[in-house]
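Chains as they are written, first to last, in the numbering used here: chain A, 1 to 200; chain B, 1 to 200.
A portion of the hints provided could be inaccurate.
Said to hold, decoys possible - With a Cα cut of at most 25 Å, we get these calculated SDA-like pairs of lysine to any residue:
{"no.": "1", "chain 1": "A", "residue 1": "K72", "chain 2": "B", "residue 2": "N139"}
{"no.": "2", "chain 1": "A", "residue 1": "K109", "chain 2": "A", "residue 2": "R69"}
{"no.": "3", "chain 1": "A", "residue 1": "K3", "chain 2": "B", "residue 2": "V158"}
{"no.": "4", "chain 1": "B", "residue 1": "K72", "chain 2": "A", "residue 2": "K191"}
{"no.": "5", "chain 1": "B", "residue 1": "K191", "chain 2": "A", "residue 2": "H31"}
{"no.": "6", "chain 1": "A", "residue 1": "K3", "chain 2": "B", "residue 2": "D154"}
{"no.": "7", "chain 1": "A", "residue 1": "K197", "chain 2": "B", "residue 2": "N95"}
{"no.": "8", "chain 1": "A", "residue 1": "K120", "chain 2": "B", "residue 2": "L143"}
{"no.": "9", "chain 1": "B", "residue 1": "K135", "chain 2": "A", "residue 2": "V130"}
{"no.": "10", "chain 1": "A", "residue 1": "K140", "chain 2": "B", "residue 2": "L136"}
{"no.": "11", "chain 1": "A", "residue 1": "K72", "chain 2": "B", "residue 2": "L143"}
{"no.": "12", "chain 1": "A", "residue 1": "K191", "chain 2": "B", "residue 2": "K120"}
{"no.": "13", "chain 1": "B", "residue 1": "K140", "chain 2": "B", "residue 2": "L65"}
{"no.": "14", "chain 1": "B", "residue 1": "K183", "chain 2": "A", "residue 2": "Y5"}
{"no.": "15", "chain 1": "B", "residue 1": "K3", "chain 2": "A", "residue 2": "N45"}
{"no.": "16", "chain 1": "A", "residue 1": "K159", "chain 2": "B", "residue 2": "R6"}
Since the hints were made in silico from the structure, they are not lab data.
Protein chains: 2
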Amino acid sequence: MEKFYRAKFINSLSGIKSANLIGSVNTNGVHNLCIVSSCFHLGANPPLIGMILRPETIDRKRHTLDNLRANKVFTINHVNEKIYQKAHQTSANYNEGVSEFEEVGLTPKILSDFKAPFVKESSVQIACIVREIQKLEINKTFLVVGEIERVILDESKVKDDGHIDVSSSIGVTGLDSYHRTEKITRLSYAKPGLMPKTII
Amino acid sequence: MEKFYRAKFINSLSGIKSANLIGSVNTNGVHNLCIVSSCFHLGANPPLIGMILRPETIDRKRHTLDNLRANKVFTINHVNEKIYQKAHQTSANYNEGVSEFEEVGLTPKILSDFKAPFVKESSVQIACIVREIQKLEINKTFLVVGEIERVILDESKVKDDGHIDVSSSIGVTGLDSYHRTEKITRLSYAKPGLMPKTII
Chain A
1 MEKFYRAKFI NSLSGIKSAN LIGSVNTNGV HNLCIVSSCF HLGANPPLIG
51 MILRPETIDR KRHTLDNLRA NKVFTINHVN EKIYQKAHQT SANYNEGVSE
101 FEEVGLTPKI LSDFKAPFVK ESSVQIACIV REIQKLEINK TFLVVGEIER
151 VILDESKVKD DGHIDVSSSI GVTGLDSYHR TEKITRLSYA KPGLMPKTII
Chain B
1 MEKFYRAKFI NSLSGIKSAN LIGSVNTNGV HNLCIVSSCF HLGANPPLIG
51 MILRPETIDR KRHTLDNLRA NKVFTINHVN EKIYQKAHQT SANYNEGVSE
101 FEEVGLTPKI LSDFKAPFVK ESSVQIACIV REIQKLEINK TFLVVGEIER
151 VILDESKVKD DGHIDVSSSI GVTGLDSYHR TEKITRLSYA KPGLMPKTII
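Please work from the sequences and hints to get the whole structure.
Spelled out as structure tokens, the structure:
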């Protein structure tokens with residue numbers, strides 16, 4: 001397969017992915033923002049999210065990776081339908097020292113006790129501490145493990161049992177296709193011999 | 001937070017996840033099928049998909065993990081709206097030696113030259129070779145890296161540029177909430193100083 005054809009084809013195979021903006025800061029205090037579709041749940045206790053970052057190449061520096069190594073913090077911000085075009089634009093190859101917030105027109109939200117910027121326009125904002133950055137030898141990508149330090153969201157999104165309604169957050173398939181999601185139903189905890197019921 | 005509240009809350013934070021059925025086989029030839037929401041794109045060349053499997057506990061064996069260790073193959077099958085209740089039911093704690101295909105009413109599709117069963121009712125079926133099983137010390141989960149060996153799908157889903165229309169595949173948020181997806185648009189490759197355009 002041709003390189004770009006292959007990238008689009010293989011990227012589509014894992015199905016729908018969450019669209020998130022990763023906020024970080026470099027040692028000079030310059031903010032960085034990049035869209036990723038590689039965040040995944042890693043565990044609830046401790047609360048961990050994993051993320052895959054692509055390898056550096058000669059002509060493409062990876063500012064987020066540098067920032068995470070230097071400052072050990074980042075934010076995860078859900079992308080919603082109002083900001084997905086700006087979010088997509090953060091994937092352009094901006095020079096170091098340029099803030100993608102300014103370039104694409106998103107607003108950094110700074111808290112006095114957390115070094116990395118949040119995205120004000122995002123409805124689910126998560127602060128993470130870097131626990132591990134591991135190079136996966138098989139293809140030179142990096143597995144970043146972040147521990148969730150705080151979560152900022154409208155409390156009305158949180159159901160009585162802890163489930164969060166993230167239906168305003170959007171997903172991506174392949175490299176560039178954005179999707180809203182529509183809830184079908186929630187299903188009860190599965191037990192052998194008993195088909196699951198719709199809940200809530 | 002209480003244990004189940006926490007599990008539902010933290011599981012929701014990574015946003016929409018793809019719903020996939022993992023097909024495997026044990027050394028006695030018994031098929032296993034389990035739903036996972038932890039598959040993620042790891043790289044296009046070589047074509048790799050990652051997946052997180054939960055740790056074993058005294059009262060909960062992990063048959064899929066055992067099968068992957070023993071036979072080094074598995075299948076990934078996208079869940080669609082016609083089969084999501086059956087797919088969910090595979091998460092029940094069935095005994096070893098029981099085929100979840102039979103228990104939930106899905107059809108194993110067997111190819112003569114691949115050991116693990118596919119799900120006939122799934123519209124995107126992927127065969128993977130196990131390349132790595134790594135225990136993540138931070139929370140004792142397992143990172144499985146699979147190399148895509150073949151893909152079975154309706155060719156009409158594949159666009160001219162390689163992108164696959166996976167809109168019939170569904171997503172999951174948290175532990176138990178199922179979602180169909182609706183395409184907003186595809187956006188062109190992002191370049192500095194130029195806002196992305198809608199494509200196709």
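Given the hinted pair K191(A) and K120(B), is their alpha-carbon gap at most 25 Å? This hinted pair holds, its Cα atoms lying about 23 Å apart.
Going straight from one Cα to the other, do K3(A) and V158(B) come out at no more than 25 Å?
Satisfied, since the Cα-Cα distance of roughly 16 Å is no more than 25 Å.
**Message:** Against the 25 Å threshold, does the CA-CA distance of K72(A) and N139(B) hold or violate the hint?
**Reply:** Holds, at about 19 Å.
Between K197(A) and N95(B), is the straight-line Cα distance small enough, at 25 Å or below?
Holds, at roughly 22 Å.
message = Please verify whether K140(A) and L136(B) have alpha carbons no more than 25 Å apart.
response = It holds: about 17 Å lies between the C-alpha atoms, which stays within 25 Å.
Checklist entry - Taking 25 Å as the top limit, are the C-alpha atoms of K120(A) and L143(B) close enough? => result Distance of about 33 Å is beyond 25 Å: violated.
Take a quick look at whether K3(A) and D154(B) sit within 25 Å of each other, Cα to Cα. holds (22 Å)
| message | For a C-alpha distance cap of 25 Å, please report whether K3(B) and N45(A) respect it. | response | holds (9 Å)
| task | For the pair we were handed, K72(B) and K191(A), check the Cα-Cα distance against 25 Å. | result | violated (28 Å)
For a C-alpha distance cap of 25 Å, please report whether K159(A) and R6(B) respect it. The given pair, whose Cα atoms are some 12 Å apart, holds under the 25 Å limit.
| said: So if I understand the rule, the pair passes when the alpha-carbon distance is 25 Å or less; does K72(A) with L143(B) pass? | reply: Between K72(A) and L143(B) the Cα gap is close to 22 Å, so the pair holds against 25 Å.
Is K183(B) within 25 Å of Y5(A), Cα to Cα? holds (20 Å)
The structure fails hints 4 and 8 (numbered hints given earlier, in ascending order).
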